[in-house]
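Q: Sequence:
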Amino acid sequence: MSTDNEIIARSRAAPAAFAELYERHHLLIHRYVARRTNSAIADDVMSETFLVAFEERGRFDAARGEVRSWLLGIATTLLKKHRRVEAQEWRNFTAVAASSGNAFDSIADTDSRLDADSRVRGLSQAILALSRGDRDVLLLYAWGDLDYGGVAQALGIPVGTVRSRLNRARRQLQRATERQTKNESRSGHGQDRPATSRAR
Numbered sequence: 020m021s022t023d024n025e026i027i028a029r030s031r032a033a034p035a036a037f038a039e040l041y042e043r044h045h046l047l048i049h050r051y052v053a054r055r056t057n058s059a060i061a062d063d064v065m066s067e068t069f070l071v072a073f074e075e076r077g078r079f080d081a082a083r084g085e086v087r088s089w090l091l092g093i094a095t096t097l098l099k100k101h102r103r104v105e106a107q108e109w110r111n112f113t114a115v116a117a118s119s120g121n122a123f124d125s126i127a128d129t130d131s132r133l134d135a136d137s138r139v140r141g142l143s144q145a146i147l148a149l150s151r152g153d154r155d156v157l158l159l160y161a162w163g164d165l166d167y168g169g170v171a172q173a174l175g176i177p178v179g180t181v182r183s184r185l186n187r188a189r190r191q192l193q194r195a196t197e198r199q200t201k202n203e204s205r206s207g208h209g210q211d212r213p214a215t216s217r218a219r
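Numbering-wise, my numbering puts 188 at position 169 of the sequence shown, and it's gapless, one number per residue.
Hints were generated in silico from the structure; no laboratory data involved. Heads up, a few of these hints could be off.
What follows is a set of in silico ranges between Cβ atoms, one per label pair, in the way DEER data are often shown [claimed, not checked]:
| hint | residue 1 | residue 2 | range |
| --- | --- | --- | --- |
| 1 | 28 | 57 | 17 to 27 Å |
| 2 | 200 | 67 | 38 to 48 Å |
| 3 | 74 | 168 | 38 to 48 Å |
| 4 | 186 | 59 | 31 to 41 Å |
| 5 | 186 | 74 | 53 to 63 Å |
| 6 | 203 | 35 | 54 to 64 Å |
| 7 | 74 | 205 | 21 to 31 Å |
| 8 | 161 | 83 | 39 to 49 Å |
| 9 | 75 | 20 | 37 to 47 Å |
| 10 | 74 | 200 | 46 to 56 Å |
| 11 | 58 | 28 | 28 to 38 Å |
| 12 | 67 | 197 | 19 to 29 Å |
| 13 | 198 | 80 | 13 to 23 Å |
Keep in mind the model is a prediction, meaning the values are calculated, not measured. The beta-carbon is built from N, C-alpha and C at its ideal position, and this holds for glycine as well.
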C-alpha cells in the first residue's frame with residue numbers, strides 16, 4: 020500500500036493516481052465540513068477541496084507535513100466563503116437541540132433534557148462567538164482529529180500560534196460554561212442546592 024506522499028509524487032506523472040487520495044480522505048473531509056456547515060455545502064466544499072489539491076499537487080511539500088492536514092487546510096480555507104451558512108448551521112443546531120426529545124418523557128427526564136439542551140445552546144453560541152482563527156483551530160483539532168503540528172500545517176501558522184489559539188478558545192468556552200452554570204443557578208435550575216453554595 021502506497022503512502023499519501025508516494026501517491027502525490029506518482030500523480031504528478033500519472034494524474035489518475037490522485038484518485039487514491041480521494042478514496043482515502045473524502046469521508047474525513049466531508050464529515051469535517053458537514054459538521055461546520057450542512058451536507059449540501061459539504062459536498063461542494065469537499066469536491067472543491069480535492070480539485071484545488073489536484074491542481075496544487077505539484078507544490079505539495081511532504082517535508083512540511085501530512086497530506087491529511089494539507090487537505091483539511093484547503094477545506095478550511097474554502098469554508099471562509101460559506102461563513103454565513105456556518106453561522107446559520109450553528110443556530111440551527113441549537114434550535115434542533117432545544118426542540119428534540121419525546122413528548123412523553125417523565126418530568127425528571129424532561130428536566131435533564133432541558134438542562135442539556137440549554138448547555139448545548141450555550142456552547143454552540145460560545146463556539147460561534149470565537150474569532151474565526153480560534154474557531155478554525157478548535158474545530159480542526161476536535162473534528163479534524165489533527166495534532167498541533169497538523170493544525171499548524173493545515174492553517175499555515177506556527178505550532179505556537181495553534182497552542183495559543185486553542186488555549187484561548189478553551190478559556191473562552193470555559194468562561195461561557197461557567198456563566199451559563201451561574202445563570203442556571205439563578206434561574207432556579209439549581210434550587211435544590213444548599214443556600215451556602217450561593218454565598219461567595
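Q: Hints first: check each against the structure and report whether it holds.
A: Status of the hints after comparison with the structure:
Between residue 28 and residue 57 the CB atoms are about 35 Å apart, so this pair departs from the stated range of 17 to 27 Å. Judged by the Cβ atoms, the range 38 to 48 Å given for residue 200 and residue 67 holds: they are separated by roughly 41 Å. Hint check: residue 74 to residue 168, Cβ distance near 25 Å, so the stated range 38 to 48 Å is violated. For the hinted restraint 31 to 41 Å between residue 186 and residue 59, the CB-CB distance of approximately 34 Å keeps it satisfied.
Distance hint check for residue 186 and residue 74: the Cβ-Cβ separation is about 35 Å, which falls outside the suggested range of 53 to 63 Å. Between residue 203 and residue 35 the CB atoms are about 57 Å apart, so this pair conforms to the stated range of 54 to 64 Å. For residue 74 paired with residue 205, a C-beta distance near 55 Å fails the hint of 21 to 31 Å. The hint said 39 to 49 Å for the Cβ distance between residue 161 and residue 83, and at roughly 23 Å that hint is violated.
Taken as a hint, the range 37 to 47 Å is violated for the pair residue 75 and residue 20, whose Cβ atoms sit roughly 24 Å apart. For residue 74 paired with residue 200, a C-beta distance near 48 Å keeps the hint of 46 to 56 Å intact. A C-beta distance of roughly 33 Å is found between residue 58 and residue 28, which places it inside the suggested range of 28 to 38 Å. Distance hint check for residue 67 and residue 197: the Cβ-Cβ separation is about 39 Å, which falls outside the suggested range of 19 to 29 Å.
About 44 Å separates the C-beta atoms of residue 198 and residue 80, a value inconsistent with the hinted range of 13 to 23 Å.
The structure does not agree with the numbered hints 1, 3, 5, 7, 8, 9, 12 and 13 stated previously, though it agrees with the rest.
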